[in-house]
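With chain A's structure known, arrange chain B on it following the hints.
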Amino acid sequence: MELFQYPYMQRALVGALVIGLAAPALGIYLVQRRLALIGDGVGHMALTGVGAGLLLNRSPVLAAVIVASLGAITVELVRARGRTSGDLALALLFYGGIAGGVMLVGLSDSTSASLNAYLFGSLSTISPTDLTTIVVLGAAILVTMLALRPALFAICHDEEYARVSGLPVRALNLLLAVATAVTVTIAMRAVGVLLISALMVVPVAAAQQVTRGFRSTMTAAMALGLFAAGSGVYVAANADTAPGASVVLMAIASFAVVALGGVGWRTLRRRRVAAAEPSAVEPHEVVLSRS
Amino acid sequence: MSAPVITVTRAAIGYEGRAVLRDVSLTVTAGEVVAVLGANGSGKSTLTRAVLGLVPLSSGSVALFDQPARRFRQWHRIGYVPQRLGAGGGVPATVREVVAAGRLARRGILRPPGRADRRAVETALAAVGLADRTGDPVSTLSGGQQQRVLIARALAGEPELLILDEPTAGVDATSQEAFAEALQEFVAGGGTVLLVAHELGPLRPLISRAVVVHAGGIAHDGPVPEPAGHHAEPDHDHVHPHGPNEPAGLWSA
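If you're matching them up, the sequences are chains A and B in order.
Mind the numbering: the first sequence is residues 2 to 292 in the numbering used here, read in order.
Mind the numbering: the second sequence is residues 8 to 260 in the numbering used here, read in order.
Please keep in mind that the hints were generated in silico from the structure rather than gathered at the bench.
Computed from a predicted model, the values in this text were never measured in an experiment.
A virtual CB, placed ideally from N, CA and C, is assigned to each residue, including glycine.
Where hints are given, some of them may not hold.
Output of the computed footprint for chain B on chain A, the stretches with three or more beta carbons under 8 Å from beta carbons of chain B [what the hints assert, rightly or not]:
no.: 1; region: 146–153
no.: 2; region: 157–167
no.: 3; region: 204–212
This is chain A alone, in the form it adopts within the complex (with noise of 0.2 Å):
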């Protein structure tokens, strides 16, 4: 735990829990929308951002806010036009991201430690404003997902319901595209670009197998992120391993044991219940033998 007494540390921490728990409140919405790997086209995109800030000298992370968010913008364009060809679309754009953000980067006096650095993540550089710019739009994040659940799980669940319901349903989608965005690229500096989608989309799968409601699943899916965020920190700081990759194994490994535990928890109860009683049968609506 000695390790925990050094600043950079400590802030690599609380970057990794903010994360933990703003990415999987964000990832449910995704992952309704069966849109579960648009953070990872979302994070090739930021990339394209921070290689624009790196040549021109400018924040890497806000140049990266900004693409990303009119990358997210795009794609719900597409998504939203329903048409066959969004697919082929979204390949051009994720694409055009990583390649445009590697040579950008080139581009610039940076070394490849750094694309690294983007693409991995690197917890341990967070610097104090790092902090401050994490903390602040991952509770942001975290408040607006939160407050609007209702009309967000509304959208989600059944969109043209949403809008007979009159709900201000292109807004929305816009807002959960640039909360996307936001969230990709404060996640990216504490997993990567490459490993920003499992923080949002692995807690909410393991959650969902042992859940039974939309709030719950929400609830459960926060407390692995926040659960494998810091224990995946923990891990790292004391096997000296990359603290990106931890934090995503502690998920993927969170994911098996609910996985595991939930078809021995199911098994266990069907037989009870079998054992129990004979259940209920609706009667046939045909005649299936004349006597």
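Here is chain B on its own, set in the frame of chain A:
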């Protein structure tokens, strides 16, 4: 004469250049229960979707509660029951959570649910006979029960007009009756109903008027027509696939 609730004037609708409806006019007044009948692909679902503004008109106009649809904002007066519940991305949702979405039109997106909202959800669930399933994930319910969840969601908003798209297609007998009962209660309370159906079943006694959509126009507007030919046989059973005009794909939620 009661106030018009839905007024469709000379509406034409097409998908990608192919005309589905041409020159359709329809008026539904308060307290009526109108069934839109027609074969699969006749455009009957398209007509209701156009009324709701989910499908754009290529010409003509729609008015809701005497207001042009473009300026209509009182969505809490309408309850919509789609053909079926979307599968979603696998994130579970309880029956109560889905039905509670029906309150959003009334309370807006920022106000948290209050006591009146919770009571309306309970009442709606009781009306469709699902009061004992509120905490269950909707995915564990049968198709008919899921359909009842959708009508409960619409009823929870305490609407004046219910628009239902094939509410009883492929639904078990128990659910059909529970459905008819809930609808009857709604009509007895002064509600107006527009429902699309392929067959009416237990809903038939409730219908005050039938509109038959055929070949892009309205072929009949009046009392419920008697079934013809082999459709009239008592043991005739409809087996039909769902309509072709639903967009589906990776990016449609």
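Structure-inconsistent hints, enumerated in ascending order: none
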